[in-house]
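So the chains spell out like this:
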Amino acid sequence: MALLAVSNLGKQFGGLQAVSEVSFSVERGMIKAVIGPNGAGKTTLFNLITGSLTPSSGSVLLDGRDITGHRPHQIASFGIARTFQNIKLFPGMTVLENVMIGRHIRSSGGFIASMLHLPWVLAEEQRIRQAALERLEMLGIAELAELEATSLAFGQQRAVELARALAMEPDLLLLDEPAAGLNIYETAEVGRLISSIRQLGITVLLVEHDMSLVMDISDEIVVLSFGRKIAEDVPEAIQSNEEVIKVYLGE
Amino acid sequence: MTLELFIQYFFAGITYGSIYAIVAIGFNIIYNTTGIINFAQGEFVMLGGMISISLLPIMPLPLAIAAAVALTMLYGALLEICFIRWLDNPGVLRMVIITIGLSILTREAALHVWDESIRSLPYFVGNEISTVNVLGARVSPQVFWVIGACGLMVAFLSIFFQGTSVGRQMRACAANRKAAVLCGINTRDMVTFSFVLSAGIGALAGCVMSPITSTAYDNGTGLAIKGFTVAILGGLGNSAAAVAAGLLLGIIEAFSVSVLPLAFQDAIAIAILLIILFVRPHGLFGSGTAAGLKEF
Amino acid sequence: MRRLLFLLPLVILVVGVQVLTDWTDTRYYLTQLTMAAYYSLLIIGLCALMGYTGQISLGHAGFFAIGGYLSAALTTRNLAFFQDQAFFRLLEGAGILATGQDIYGAELVVVAPWAACLVAIIAAALIAWLLGIPVLKLKGHYLAMATLGFGIIIYRIALASEYFGEADGISEVPPFLLPFGLEVSGSFAVREANYYIAWGLLIMGLILLRNLIDSRVGRALRSIHGSEDAAGAMGVDTARCKLQVFVLSAVFAAVAGVFLTHYNGGIGPSEAGVMKSVRYVAIVAVGGMAHLWGALVMGVVLNFLSLRGVFGSYDDAVFGLILIGIMLFAPNGVLSLLNFSGVLDFFRRRRRRVKEPGGLR
Numbered sequence: 001m002a003l004l005a006v007s008n009l010g011k012q013f014g015g016l017q018a019v020s021e022v023s024f025s026v027e028r029g030m031i032k033a034v035i036g037p038n039g040a041g042k043t044t045l046f047n048l049i050t051g052s053l054t055p056s057s058g059s060v061l062l063d064g065r066d067i068t069g070h071r072p073h074q075i076a077s078f079g080i081a082r083t084f085q086n087i088k089l090f091p092g093m094t095v096l097e098n099v100m101i102g103r104h105i106r107s108s109g110g111f112i113a114s115m116l117h118l119p120w121v122l123a124e125e126q127r128i129r130q131a132a133l134e135r136l137e138m139l140g141i142a143e144l145a146e147l148e149a150t151s152l153a154f155g156q157q158r159a160v161e162l163a164r165a166l167a168m169e170p171d172l173l174l175l176d177e178p179a180a181g182l183n184i185y186e187t188a189e190v191g192r193l194i195s196s197i198r199q200l201g202i203t204v205l206l207v208e209h210d211m212s213l214v215m216d217i218s219d220e221i222v223v224l225s226f227g228r229k230i231a232e233d234v235p236e237a238i239q240s241n242e243e244v245i246k247v248y249l250g251e
Numbered sequence: 001m002t003l004e005l006f007i008q009y010f011f012a013g014i015t016y017g018s019i020y021a022i023v024a025i026g027f028n029i030i031y032n033t034t035g036i037i038n039f040a041q042g043e044f045v046m047l048g049g050m051i052s053i054s055l056l057p058i059m060p061l062p063l064a065i066a067a068a069v070a071l072t073m074l075y076g077a078l079l080e081i082c083f084i085r086w087l088d089n090p091g092v093l094r095m096v097i098i099t100i101g102l103s104i105l106t107r108e109a110a111l112h113v114w115d116e117s118i119r120s121l122p123y124f125v126g127n128e129i130s131t132v133n134v135l136g137a138r139v140s141p142q143v144f145w146v147i148g149a150c151g152l153m154v155a156f157l158s159i160f161f162q163g164t165s166v167g168r169q170m171r172a173c174a175a176n177r178k179a180a181v182l183c184g185i186n187t188r189d190m191v192t193f194s195f196v197l198s199a200g201i202g203a204l205a206g207c208v209m210s211p212i213t214s215t216a217y218d219n220g221t222g223l224a225i226k227g228f229t230v231a232i233l234g235g236l237g238n239s240a241a242a243v244a245a246g247l248l249l250g251i252i253e254a255f256s257v258s259v260l261p262l263a264f265q266d267a268i269a270i271a272i273l274l275i276i277l278f279v280r281p282h283g284l285f286g287s288g289t290a291a292g293l294k295e296f
Numbered sequence: 001m002r003r004l005l006f007l008l009p010l011v012i013l014v015v016g017v018q019v020l021t022d023w024t025d026t027r028y029y030l031t032q033l034t035m036a037a038y039y040s041l042l043i044i045g046l047c048a049l050m051g052y053t054g055q056i057s058l059g060h061a062g063f064f065a066i067g068g069y070l071s072a073a074l075t076t077r078n079l080a081f082f083q084d085q086a087f088f089r090l091l092e093g094a095g096i097l098a099t100g101q102d103i104y105g106a107e108l109v110v111v112a113p114w115a116a117c118l119v120a121i122i123a124a125a126l127i128a129w130l131l132g133i134p135v136l137k138l139k140g141h142y143l144a145m146a147t148l149g150f151g152i153i154i155y156r157i158a159l160a161s162e163y164f165g166e167a168d169g170i171s172e173v174p175p176f177l178l179p180f181g182l183e184v185s186g187s188f189a190v191r192e193a194n195y196y197i198a199w200g201l202l203i204m205g206l207i208l209l210r211n212l213i214d215s216r217v218g219r220a221l222r223s224i225h226g227s228e229d230a231a232g233a234m235g236v237d238t239a240r241c242k243l244q245v246f247v248l249s250a251v252f253a254a255v256a257g258v259f260l261t262h263y264n265g266g267i268g269p270s271e272a273g274v275m276k277s278v279r280y281v282a283i284v285a286v287g288g289m290a291h292l293w294g295a296l297v298m299g300v301v302l303n304f305l306s307l308r309g310v311f312g313s314y315d316d317a318v319f320g321l322i323l324i325g326i327m328l329f330a331p332n333g334v335l336s337l338l339n340f341s342g343v344l345d346f347f348r349r350r351r352r353r354v355k356e357p358g359g360l361r
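First to last, the protein sequences are chains A, B and C. Everything in the first sequence is counted per the numbering used here, starting at 1 for the first residue and increasing by one. Everything in the second sequence is counted per the numbering used here, starting at 1 for the first residue and increasing by one. Everything in the third sequence is counted per the numbering used here, starting at 1 for the first residue and increasing by one.
These are computed hints drawn from the structure, not numbers from a lab.
The calculated SDA-like cross-link candidates involving lysine to any residue, where the alpha carbons are at most 20 Å apart (straight line), are:
1. C:137 with B:275
2. C:139 with B:92
3. C:137 with B:278
4. C:137 with A:69
5. B:178 with B:90
6. C:137 with C:127
7. C:137 with A:74
8. C:137 with B:36
9. C:139 with C:240
10. C:139 with A:91
11. C:139 with B:276
12. C:137 with B:282
13. A:246 with A:225
14. C:139 with B:32
15. C:139 with B:36
16. C:137 with C:240
17. C:139 with B:275
18. C:137 with A:71
19. B:178 with B:88
20. C:137 with B:276
Here are a few chain C residues that sit away from chain B, every Cβ distance over 12 Å (derived from the structure):
21. 80
22. 81
23. 89
24. 98
25. 118
26. 175
27. 204
28. 310
These numbers were taken from a predicted model, which means no experiment stands behind them. Positions of the beta carbon are idealized from the N, C-alpha and C atoms, including for glycine.
Whenever a hint applies, use it, and build me the whole structure from the sequences.
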């Protein structure tokens, strides 16, 4: 069974059909990319999968379970993590604290227990901190742990956001333009990073504009144009797909 | 309920309703150009009434009203220039708090200038007991002054926004601020102007209503809440709908007097406000789809 | 235990002030310090809601009033009338009635203060919960207006209902007896004890809130302030978290209302007024929004000055001026101007090296 199965997904904003009848599936352990020109509905698609938007039609299945129309926090707890196109780190908090929030669904200290600082809550707090530090070390940014997250350089903020998502130990990771705003060296680094994320057993679905990165790392590619899926295939086939070329180069 | 009583309530309703509508339009004008709610809106109404009352002994009534409106407009401009203009991209919470602070300061200043007593302008025509007969019901002529003045203001505003260059520039700001800047419109001046305009209409409303409702230093808050209720009821930013919503609230309030104790009359507007915020924050007349893209 | 060490300077200060007033024979200051402590209890609760979670409330005087008024009404309104009715016997059986005599010597049967206090606090929590479900979906202006509307309704109810004494409020509220022979009342004999009760309560509240902020839930609350979308994507149930902290801050307000009402021996409608709510918001803002210590310090100082009558008839104007001044020139609080926070950081654990979350963006 596919880890993620999107079928006939549609979203309408007033008269605008932002996404219509999009279907595809992502197998476990795969890196899949969604590409398409600006305004093709890629980010809307992500927002539909993660529950930020409610679909007008269609369904999303995670590991066979229908998650359509669930709230974002529920979908996160089902095992989907995401990053944002315009990085959304929490201001006024350290890098470490930002990543510790990624452990929210993997911990359970409640309101009253937290207020009383019960011993098991304190023990859990130590485990959360440890797990967050491990993610920072994995991404090589452990030395930034105590700095304010939103004061970092752009590329570092991307890394923090990724660490935060990884701290959730998701089954599926959605990356919204992970290489946007990065130079070619950083982009190559992101490519290596995504491949290594796969080694952790995390399935990756990404939206990306950088074709060389997409072609390099993806197992399969979905192409959207004006909210519709126009192709889905392995990278080599996509590169020679006439309709895709038409969409990208114009007629 | 007799027809007579019905008409009496009805007229009371539209009198208050048109005042609420003017306050709501004042909210809308500023909201449209800045995206903020000016919590001091009710204070403009109070100032209009108070200043005209103070000027009355030294000049004839029409002149006193004109001067009061002009002074309140000046005050509106000063508020904007001193406290809002130079802020660089302030958050909503910060703006809410600043305008609340301005409202408090204005009210406290009014308290120290005019003390706690309740004053009013004389009736424009006749006195408090002169009436006009409408279908057998007795209605004070001042009611027609209020309705007439408010109607004229609405007409003036719609001509202003449709037909004049400044009005069109303000609408451009409301539609898309960035695009307006790129078209060479000085959006900062437009914001100042929106404060001047809503101060002006608020002050005039404060003058015409003063003979009926009286004016006291703490009138503003109540009017602001009612005006905001009306603005929300009609859909924030939509001034035509605000007129309809204002009349609706006024009439509901007027007729509620027959079933509810007077002390709870104010609670009606607030209850309506809460209900509308919970059920349809985009207003009675707003579109649900457009609201889906807005943040409440 | 180590983490409680940060309180030591505060405890020393509290005791020191009491000893000082004893020496200098200025014990009358303790009355206002006691009252200021209760107001500050409400303010630090509001700080958790506004500063850390980013949700404005212009209705917290309403929760204070719900606590104060309910406790006052239950402990003063004579139930002797209902002696024959079933619910009366039920209450009597449960041991939550107290008897006494009114000033004319007639028999007076009222609800015991501890039970009244409990009822008042639970009522405030329940109302906050019911109100919070729809209200906390709103943001910005809409949330501000909705909470303001709630506050005005509470004010109107207090002002218009005979049960709550209309414009006069409720007076002759009996003392609230605590274990160990302590009582919450304004009588001079127990002034020192009450000073310590109030400050004990405030410090307890401070510990609870600091613990909360410094935990998994606290991080979740701060993340909601930062970005609700991102918090949701991290699995934080934003609606639930906001509701919980809203109810918590309402409970803090209600507790403050109950204790202050018994301490003053009465409550009037001005306690429910909009100006009070605005004042609480002002103090949280002055304290630096997301700054429990700032809220506490400013809460005590400003309330003390206001209660001493330092601002005279300009009381409300002063708070309006403070509000505007802070928002214009120092949106992160006055302490940020003095860089006093460095000193405060020293008393907190020094682990956190960044600034507290900037309250306003």
